[in-house]
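S.K.: Given the coordinates of chain A, assemble chain B onto it according to the supplied hints.
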Amino acid sequence: MRAFVFTDKALGRQAGRFVWLSINTEKRENAAVLAKYPIQASPTLFVIDPAAEKVVLKYVGGATVPQLQRILDDGARAAGHGRDGRKSDELLAKADAFYAAGQNKEAAEAYRAALKGMARSSPSYARAVESALFALSSSRQHETCAAVAKDAFEHLKSSPSAANVAGSGLDCALALDKTVPSRAALVSDLARDVSEVLRGPRTGLAVDDVSALYQTFAEERDAAGDAAGKTKILEEWAAYLEVEAAKGKTPEARAAFDAHRITAYLALGQPERGIPMLEASERDFPDDYNPPARLALAYRGMKKYDEALAASDRALARAYGPRKLVILNVRADIHDKKGDAAAARKVREEALAWAEALPKEQVSERQIAALKKQLEPPK
Amino acid sequence: MLSTAAILAAALASTGLSGKEVLPFIADDYPKALALARAEGKPIFLETWAPW
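Note that the protein sequences, when read in sequence, are chains A and B.
Quick note: the first sequence, position 120, residue 119 per numbering that gives the first Met the number 0, numbers continuous.
Quick note: the second sequence, position 20, residue 19 per numbering that gives the first Met the number 0, numbers continuous.
Incorrect hints may have been included.
[What the hints assert, rightly or not] Derived DSS-like pairs: lysine-lysine, alpha-carbon spacing no greater than 27 Å straight-line:
no.	chain 1	residue 1	chain 2	residue 2
1	A	K246	B	K41
2	B	K31	A	K372
3	A	K303	A	K359
4	A	K35	B	K41
5	A	K8	B	K31
6	A	K231	A	K302
7	A	K53	B	K31
8	B	K31	A	K359
9	A	K26	B	K31
10	A	K35	A	K359
11	A	K345	A	K302
12	A	K104	A	K177
13	A	K359	A	K302
14	B	K31	A	K35
15	A	K53	A	K35
16	A	K177	A	K93
17	A	K156	A	K115
18	B	K41	A	K8
[Unchecked claim] The calculated label-pair distances, taken between Cβ atoms and stated as ranges, are:
no.	chain 1	residue 1	chain 2	residue 2	range
19	A	R344	B	P23	45 to 55 Å
20	A	D7	B	A26	13 to 23 Å
21	B	D27	A	K345	28 to 38 Å
22	B	A38	A	D225	51 to 61 Å
[As the list claims (entries may be wrong)] Now the stretches of chain B that chain A is said to cover, found in silico as 3 or more residues with beta-carbon under 8 Å:
no.	stretch
23	23-29
24	36-49
Rather than coming from a laboratory, the hints here were simulated on the basis of the structure.
A virtual CB, placed ideally from N, CA and C, is assigned to each residue, including glycine.
Isolated chain A, as found in the complex (with noise of 0.2 Å):
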């Protein structure tokens, strides 16, 4: 969104009816906003009434600026600052209230009583649907998450959130357990949905989406046994995301979609693919830890332990936060790859110290248990 949605020109209306404020959460300095304001996923968008600190609106993942444009308007309406007449549906609201508060259980189920009364024509129809498909996925009622998706995927299959109700949809239907009888049909419904938006325009859809949504149909043909199937659409998936780089104006946005592409290139088995593009982003981006972090992945995926050392070596210079975990323990596993079980331990004995120094808001004690264990010897 940083690099696409808050750059664009349409969004010039809306400058003067909100205050603007973005928090990078990894910083340690936005721990206590993050006490107040907790999240489950990156990006997180809020709408917040200031008198009482009240969240009035709140919306999850990445949304293109169509989509943008409707939470503003509906985040201004329940701030009580609507503009355009409508009043906010009571329903919808009380979803709203549980939603923002973090209690997805009762989002889920406020969400389902709305969509019962609202017309699928109502402009906040595509909001309270992906709203209520992470409510139900996040409170892991995966059944009614994939049936709420299939439902709305027809009403929704030309608007912008296409991709994420397909895709939201298929991974509630794989996280459903192979014995439950309704599993098969949802899984080949909603894999038809997906095909569906990605042979389709795919107009006014957002890169990260329908890259997420080739990543979860590789792992539908996966969980098939379809190998070559997997690999036709893993290739496909790669193939795409090299287009969008290419179409970059600027670093930015060229570099916008190295993390998708390097996860397509390491489920292709080809992580030689992805040196060149992260070799060119860690140039242009010289204090950005992304770039040799991703390296480190690349060259432990083709086995050249030293040049991943280094890459990593480079991106902990540059890291902080809890992201440094993520580099810290990738660091371990390539010297247990190397046959170095020492050099492993030792950084992650770095890695338990540095997770029980960051703040409790930026650390999950289920985290912190995992790397307990790594440490506990072998039973």
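M.R.: Same frame as chain A, now just chain B:
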């Protein structure tokens, strides 16, 4: 994306700012944004993001 959120946490990319934002974002200063919003009687739009 939903249950791939964790996977995409590693994948969703944005490398720095382009410096051409149409919206006048205040970076990493909640007290300043709160004071301004109260003074101007406007809601706050908050974007939480991670640099990976």
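S.K.: Taking the hints in turn, state whether each one holds.
M.R.: Evaluation of the provided hints:
1. This hinted pair does not check out: K246(A) and K41(B) have alpha carbons roughly 37 Å apart, beyond 27 Å.
2. The suggested pairing of K31(B) with K372(A) is violated, with an alpha-carbon distance near 42 Å, which exceeds 27 Å.
3. Between K303(A) and K359(A) the alpha-carbon distance is near 36 Å, which puts this suggested pair outside the 27 Å criterion.
4. Distance restraint check for K35(A) and K41(B): the Cα-Cα separation of roughly 19 Å lies within the 27 Å cut-off, and the hinted pair is therefore satisfied.
5. Between K8(A) and K31(B), the direct Cα distance comes to roughly 25 Å. Compliance with the 27 Å bound is thereby established for this hinted pair.
6. Restraint check for K231(A) and K302(A): satisfied, since their Cα atoms lie roughly 24 Å apart, inside the 27 Å limit.
7. Proposed proximity of K53(A) and K31(B) is supported: the alpha carbons are some 17 Å apart, at most 27 Å.
8. For the suggested pair K31(B) and K359(A), the alpha carbons sit about 24 Å apart, so the restraint of at most 27 Å is met.
9. For the given pair, K26(A) sits about 17 Å from K31(B) by alpha-carbon distance, which is consistent with the 27 Å threshold.
10. With a C-alpha separation of about 13 Å, the suggested pair K35(A) and K359(A) falls inside the 27 Å cut-off, and the hint holds.
11. Between K345(A) and K302(A) the CA atoms are separated by roughly 21 Å; this keeps the pair inside 27 Å, and the hint holds.
12. For the suggested pair K104(A) and K177(A), the alpha carbons sit about 23 Å apart, so the restraint of at most 27 Å is met.
13. Between K359(A) and K302(A), the direct Cα distance comes to roughly 35 Å. Violation of the 27 Å bound is thereby established for this hinted pair.
14. Using a Cα cut-off of 27 Å, the hinted pair K31(B) and K35(A) holds, with the two alpha carbons roughly 16 Å apart.
15. Taken as a hint, the K53(A) and K35(A) pair is honoured in the structure, with Cα atoms around 9 Å apart against an allowance of 27 Å.
16. Under the criterion of a C-alpha separation no larger than 27 Å, the hint pairing K177(A) with K93(A) is inconsistent with the structure, at around 34 Å.
17. Taken as a hint, the K156(A) and K115(A) pair is honoured in the structure, with Cα atoms around 19 Å apart against an allowance of 27 Å.
18. Distance hint between K41(B) and K8(A) is fulfilled; the C-alpha atoms sit about 21 Å from each other, no more than 27 Å.
19. For R344(A) and P23(B), the Cβ-Cβ distance of about 49 Å falls inside the hinted range of 45 to 55 Å, so the restraint holds.
20. Checked against the hint of 13 to 23 Å, the pair D7(A) and A26(B) passes, with Cβ atoms roughly 19 Å apart.
21. Under the hint 28 to 38 Å, the C-beta atoms of D27(B) and K345(A), about 33 Å apart, fit the expected range.
22. Taking 51 to 61 Å as the suggested C-beta distance range, the pair A38(B) and D225(A) conforms, at roughly 59 Å.
23. For the stretch 23-29 of chain B, the stated coverage by chain A is satisfied: 7 residues place a CB nearer than 8 Å to a CB of that chain, which reaches the threshold of 3.
24. For the stretch 36-49 of chain B, the stated coverage by chain A is satisfied: 12 residues place a CB nearer than 8 Å to a CB of that chain, which reaches the threshold of 3.
When each numbered hint is compared with the structure, violations occur for hints 1, 2, 3, 13, 16.
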